Every structure is written in C-alpha cells, then in structure tokens.
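Visitor: As a plain string of letters, each chain reads:
2 protein chains.
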Amino acid sequence: MARKAPTSRPASSEKPARDAPSASGAQRSLTYADAGVDLDTYDEFIDTVDSVLKRTHGPRVISNPGGFAGLFRLDYNERLFKRNYKDPVLVACTDGVGTKVSLAAKARIFDGLGIDLVAMSVNDLIVQGAEPLIFLDYIAVEKVDKRVLGTLLKSVAEGCRIAGCALIGGETAEMPGVYRSGELDMAGFAVGVVELKRAMNSKRVQPGDVVLGLASSGVHSNGYSLVRKVVEHAKLELDRVYPDLTGPDLADGRSKKAQPPSNQPSNPAREQTLAQVLLTPTRIYADSIVRTMRKYRVKQVVSGMAHITGGGLADNLVRALNDKVDARIDASSWPVLPVFKFLQKHGNIAEDEMRRVFNMGIGYCVIVKPTFAEAVADKLTRCGEKVYTIGKIVKGTGKVTLS
Amino acid sequence: MARKAPTSRPASSEKPARDAPSASGAQRSLTYADAGVDLDTYDEFIDTVDSVLKRTHGPRVISNPGGFAGLFRLDYNERLFKRNYKDPVLVACTDGVGTKVSLAAKARIFDGLGIDLVAMSVNDLIVQGAEPLIFLDYIAVEKVDKRVLGTLLKSVAEGCRIAGCALIGGETAEMPGVYRSGELDMAGFAVGVVELKRAMNSKRVQPGDVVLGLASSGVHSNGYSLVRKVVEHAKLELDRVYPDLTGPDLADGRSKKAQPPSNQPSNPAREQTLAQVLLTPTRIYADSIVRTMRKYRVKQVVSGMAHITGGGLADNLVRALNDKVDARIDASSWPVLPVFKFLQKHGNIAEDEMRRVFNMGIGYCVIVKPTFAEAVADKLTRCGEKVYTIGKIVKGTGKVTLS
Chain W
378 MARKAPTSRP ASSEKPARDA PSASGAQRSL TYADAGVDLD TYDEFIDTVD
428 SVLKRTHGPR VISNPGGFAG LFRLDYNERL FKRNYKDPVL VACTDGVGTK
478 VSLAAKARIF DGLGIDLVAM SVNDLIVQGA EPLIFLDYIA VEKVDKRVLG
528 TLLKSVAEGC RIAGCALIGG ETAEMPGVYR SGELDMAGFA VGVVELKRAM
578 NSKRVQPGDV VLGLASSGVH SNGYSLVRKV VEHAKLELDR VYPDLTGPDL
628 ADGRSKKAQP PSNQPSNPAR EQTLAQVLLT PTRIYADSIV RTMRKYRVKQ
678 VVSGMAHITG GGLADNLVRA LNDKVDARID ASSWPVLPVF KFLQKHGNIA
728 EDEMRRVFNM GIGYCVIVKP TFAEAVADKL TRCGEKVYTI GKIVKGTGKV
778 TLS
Chain H
378 MARKAPTSRP ASSEKPARDA PSASGAQRSL TYADAGVDLD TYDEFIDTVD
428 SVLKRTHGPR VISNPGGFAG LFRLDYNERL FKRNYKDPVL VACTDGVGTK
478 VSLAAKARIF DGLGIDLVAM SVNDLIVQGA EPLIFLDYIA VEKVDKRVLG
528 TLLKSVAEGC RIAGCALIGG ETAEMPGVYR SGELDMAGFA VGVVELKRAM
578 NSKRVQPGDV VLGLASSGVH SNGYSLVRKV VEHAKLELDR VYPDLTGPDL
628 ADGRSKKAQP PSNQPSNPAR EQTLAQVLLT PTRIYADSIV RTMRKYRVKQ
678 VVSGMAHITG GGLADNLVRA LNDKVDARID ASSWPVLPVF KFLQKHGNIA
728 EDEMRRVFNM GIGYCVIVKP TFAEAVADKL TRCGEKVYTI GKIVKGTGKV
778 TLS
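So the protein sequences, as listed, match chains W and H. Mapping to the numbering used here: the first sequence position 20 is 397, numbers consecutive. Mapping to the numbering used here: the second sequence position 18 is 395, numbers consecutive.
Isolated chain W (complex conformation) (with noise of 0.2 Å):
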C-alpha cells in the first residue's frame, strides 16, 4: 500500500500554483508551500522507503499499489505457508514509547525507537497467547528531516521483521505548530490471531506454577520522564562513557551464547555513552513465545505471561493472576541491570520506586506448569532468551509479593 504523505500534502508530485492571478490582484495568493509543507523531501523520503517494507511483508500480504489500507489474507491455503483458523479471535494493541522519544531527539540516536514501538504492542499481544500478523506505524514529526524518517521507518521495519509481522501500512505526518522543535512522537498498532480455545487466561494460573523471568534489554520503553529527570537533576552527559554504567556481560541482559546471531540488534554495553545505553532497544519476546508456544500448543504448560512495562514487574505480573493465587518472587534471583543501579543512585530514587517504575531486569514473564518449567526454560534459551527462575504462585487473593 501506498504510505500516506505528511498531512493535508496534496499527493500529486506536481508543485502548487503560485501567484496565480486573482481576483485581488495586489494581494499574494496563498499555496501549500507558504504553509510550510515542503513536498520534495518527502517525496525524496517516499522513494527510499518502500522497498524496506517490502522485506517484511510475507505471502500473505496482498499488494494494494496506490490504496491507504494494507491488505493481509488470515487464512492462507497453499503449500508451505498453511495457515488455517477454527473460531479466530482478533487481538489488537496499541503503544508508543513515551517520552524516550525526546532523549532520542535530545542525542540525535533514532535507529532504535521503531524496534521500541515494534516491542511495545507486539509484547502486550502476544501476553494472550496470540501471534503477531500485521504492524502499522504513526510517526509525527515538527519537520520532515527526510535522513532522521529514513532511519525511523527502517528501525520499525527491522521491529517488524524481528517481530515476525508484516508492516502493511504507516503514516507520516508533519505538525509544525504542534510538537515542539526538532520533536517527535510515534504511535504502533499490532494485530495478531489466537485460537479462542488456546487464548490465554488467567483462571489457569494454579499454586505450584512457576514464574519464568526473561531478561530486559535495558530501561526498555517505560520511565523517561524519570529517566530524563535524573539526567537533567545530576547534571548527566549523555555523549558521555559512564564505566559504571557497564556491568560483566549483562548490560545487554542476555547471554551472547544463547543469542541467535540475526535476531535482534547487539549492544555491547562497553564503551558505549549513556545515550546509547539509554536508548538500547526495548526487548521484542514474540519470535521465542511464539515458537516456545507453539511447541507446547497441545499441553498447554503455560499458564499466564506478563509484559513488563509501566507500574514494574508487580504491576503487570498482577494482571496475570486470578484471584484465588498470589505470585512470590525473590527479587535476589535475578541480576540487576547496571544502567538501573547508575539511575538510582544518581537520582538518588528509592528501591521501592526503582521497582516501581521500572523493569530491573526482567522484561517478561512466563507462569508454567511446574513439571515443565525446566524444559520450557531450555526451550526459550534455546530461542535466545535469558531466562531467571524468579518465583512461585501460591494460594492467595491475586497479589503480588516481592520479598
């Protein structure tokens, strides 16, 4: 499909009339151009583009030149991409970054923040057992740099390819009087399928089940505003190496064995500035849950999941539960990503808001059966994943400890 131009562009590549005679005369008329939409950058931008998206898009996405809508066939009959639903249930989500945006704005570092947007929905969808179909992308901009939206729209499409989901449609639209100069905002929206029979639910979360912690990238995509806070209150160079920003081998939170080569990006944490470290792509688990589900699709050993963002591992973990069980987590038994120790104490926060508001180190959680929690930890691995045993559900009334 056709990517929508910045708004109210006119879509023809032709240049609007100027000065055209009027009935006036003396008085300038006015044009497109004079309300400050410049059409041959994004024209320039347009032509660069479409060939990155077509790398996501797999046989199911049907080509729609020229349409606003992209077009994606749910069942799919023929050999080798065989796809077939009984009762599909629609699972759709949608997320930005938040504010991480602006720090991204701040360093100039934009490659990252379309793997964070891809992160952000496909994560909280594929929580109700769903797999992730198709991604479109809003990207709002102050003024089109045509070099800064080329290197967003690739970063979402490598989200997308990450993810396993195509990206059918987008929209780019440029707002000079809205967003303050040089800023951005972008918005994600995932729709995957589930079979109603195996889409997750919490009545089947039981005491004995055991609690999976995967290992968090970084800050991820939740808590800049305090992120921000911090720098500006300690007075932080984000161009700056911070040594104990660095920990041994776990700034990237997973270990370089187990991590598939062309997975997702590598981020040493070594020598890398405070904005790197800070803007590292948010985690994306769809490709090792979906694998790691489809393995078990009969036996159904995974009870519940957890995408942790905003509120930290408590408050997503509770959403999880039924009421009748709570979750017990040991908070030792996972390590603490060094970039959250250097924001705690250079912010000077608190642990019980640390674990507030952010991640701490694990990005996503799997509630499994207890006979098999080492063979579905093994699996994840086995996909790439760092998986920490962190807790158990016990009777209870739907809470959360941390202890």
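Check each hint, because a few of them may be wrong.
If several chains are the same, the list does not tell them apart, and a pair holds so long as it fits within one copy or across any two.
[As the list claims (entries may be wrong)] With a straight-line cut-off of 35 Å between C-alpha atoms, the simulated DSBU-like cross-links for lysine-lysine are:
#, residue 1, residue 2
1, K769, K701
2, K523, K612
3, K574, K612
4, K531, K769
5, K672, K580
6, K520, K606
7, K772, K459
8, K531, K580
9, K463, K676
Derived from the structure by calculation, the hints contain no laboratory data. A quick note: this is a predicted structure, and the numbers were derived from the prediction, not measured.
Once you've looked at the hints, dock chain H against the given chain W.
Guide: Chain H alone, transformed into the frame defined by chain W:
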C-alpha cells in the same frame, strides 16, 4: 481491556514514595510526581471512560479485564450475529487528523475530533470493500486535562458507533517536553475484513461506468495547514459568525430530510462561528457504503471507490482507476460548499490550488456499472447520503480530468 495510563505511569494507584531514606541523605529523592506525571488526575479520567467504550462493543468483543490488548472474534456462530468468512482478508489503516488538532486546541472545541479520527481511517478502509470491525486510538497530550481527554474519548466512541466498529483499545500519553503548551495529537487505527473475492480491484472499472459523488460535511480533516494560514493571513476571528460562511442548506453537505437522525451529528451552519464550521466533523461513510455493498453483494455493481483526502478529488479518484480508463468529472455537477468559497476569497487562493487541497464538497466517490447507477444512488440516498452524479469513465490511460 484496560486503557493504558499516560507514559511511564506506574499502574498502581498508590502514590510513589517521597523523601525515602537514601544513601546520600541530604539530597531529596526523585519520584514520578517530580517528573511531571499526575496520577490522580489520570485515574479520575479513566474511571469515566470505561462505560463509554463498552457502548461500542457488540457480542464479538471478548472481555479482557486488566489486559492491554483488545480481543475480537472474527468468526462468530451464535444465532442473530452469525458471521463466517471463507477466505478473510484483514484490511488495516492508520491516520491522524493533521493540524486540525491545533485549530481545535486553539478554539477549545474537542467534541468532533474523535469522529474525525475514526472517519479518516474507516473511510480509507471501506474503499477496499471491507467492513470495519475494530478501532484503537492513540491520544498524546502536552498535559492531561481530564475534561478534554474525556471529551476526546467520547467523540472517538461516537465515531466508532457511527462507523459500526468496536473501540477495543487505546493509549493515552502525557508528554510535556514533546508537545507545545496546550497542544495534542491523535492517531487512529482501524481493522476491517473483506472476503478475498469481494475485495475491490481497479481492474473492474470500465468505460461507461458512472461516478457518483457523496457530499462532504465540510473541510473534513485535510488542508488545515492552509486553513490556519488563511485564518492568520486574513486576520479572521475563530469565534465570529461570518454571514458568507452559511449557505442554503448546503454547509453540512447533506439534505436534512435524507439523513437518519441518529446517524451523524447535525451541524446547522447558520449561527455557527468560524471555528465551529471549520471543526465540523468529517463525514463517516461506512454505514452507507457497507449497507449498499451488502445489497449488491452478488452482482458486484460497484467497480471502485475513493475517499477524497489530501490531494483533492482528482488525486484520490485516480487511485481507483486502471491504466486503460480515464474519469471525466464535471466540476459544476455539485455545489461547492460555502466554507470553501469563504476560504478561497479570504486566502486569495487559486482555483486549481483549492481543488488540489480541499474536497470542495465531495468526500467520497463510488464508481458503478451504468445500469445500476440510479439504483445505487437511490440506496445511498436512503442511507442518508447526498448523492451527485459527477462524471463517467471513458477509455484512457488512468487519468482524472476535471472540466
């Protein structure tokens, strides 16, 4: 599903700890509240919106309390609501409402923006022959004002009701450093479904076909950079009633008699201020088009459609054509709405420029087989549309000519 809180907000309703003991002691510890995110205000807002969203939910929406994803059953076998797709194609669109948000923020009129948001995506979606199913919104604000957010969200829900789709998700982000003071932005995402063999295909358009034009309700949601420039340039007052803005029963682009009372909000042009006229919500054609398509499901008498957005009639209609036909449009076949004459006069804008930027009174086009043109026009009129026969398809090379 649960609506996500403003960016980075802890999901817990407990207040973040303040002045907690810390290693450095003397330094006051940083909390979320310091970072400018007001949780109480958001909580009050969220309490009021749940019931608004529920009103858009039919029996195919699956309840997902606490979840951050919306669930919608595609196939649905219960009596009364039976829906089954043989080869379903998902159709997805995203769009914003451009700098119309900025005009709304200036005039403090927010109750149409949500309808605009739904219209922009859903009108693109029905062009493919699809039936809208679900909608999600992303609303980002400089600062949470719960009255404004409530109004915006209610208007999104109203748009979904008009379009016949379920509002199953959304995100609200508070981003103080990104947006200018008092500004906001919105993005919408719509998903629909079409049977593969009923999806629109430009190859169906043949010489002899008739082009029907459906009246717009006003400027819709394109061209607002230019609109705002005209207002500024001609020193127009947004809260003033200008006599030449009102026309004989035309300014809302539809006949009063034909419009079903509950379908779309009425906007009598007389006595309306400039801001009210400029902020008239975009017409949503979904209900009329879906009903008409359903009536002619077997015969496939509709050969193409176009939603008239940025680029005006020519640049949008051209995308419905194949390269063996032209569309010959008679520009005098429908009345230009007074608001366009008003903008042209005060902005001293050339006629060509006007037609390239604005819809000029036609918001949607339907290309029909000649023997069914009258019957389709009648059906659309009974659905509440004001319909004009505006041109015909001739042999050609894929161009639109206006005369």
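Visitor: Now look at each hint and say whether the structure bears it out.
Guide: Structure-based check of each hint:
1. Within a single copy, K769 and K701 get their C-alpha atoms as close as 14 Å, which meets the 35 Å cut-off; across copies the closest is 67 Å, which misses it.
2. In this homomeric assembly, K523 and K612 come within 35 Å of each other (Cα to Cα) both inside a single copy, at 32 Å, and across copies, at 33 Å.
3. For the homomeric pair K574 and K612, neither the shortest alpha-carbon distance inside one copy (53 Å) nor that between copies (61 Å) is at most 35 Å.
4. Taking CA atoms no more than 35 Å apart as the test, K531 paired with K769 passes in neither setting, with 40 Å inside one copy and 41 Å between copies.
5. When the C-alpha separation of K672 and K580 is checked against a cutoff of 35 Å, the pair qualifies only within one copy, where the shortest distance is 22 Å, while the shortest distance between copies is 43 Å.
6. Within a single copy, K520 and K606 get their C-alpha atoms as close as 26 Å, and across copies as close as 17 Å, so both meet the 35 Å cut-off.
7. Taking the shortest alpha-carbon separations for K772 and K459, neither the intra-copy value of 42 Å nor the inter-copy value of 41 Å comes in at or below 35 Å.
8. Only between protomers do K531 and K580 lie at most 35 Å apart by alpha-carbon distance; the minimum there is 32 Å, versus 40 Å within a single protomer.
9. In this homomeric assembly, K463 and K676 come within 35 Å of each other (Cα to Cα) both inside a single copy, at 18 Å, and across copies, at 29 Å.
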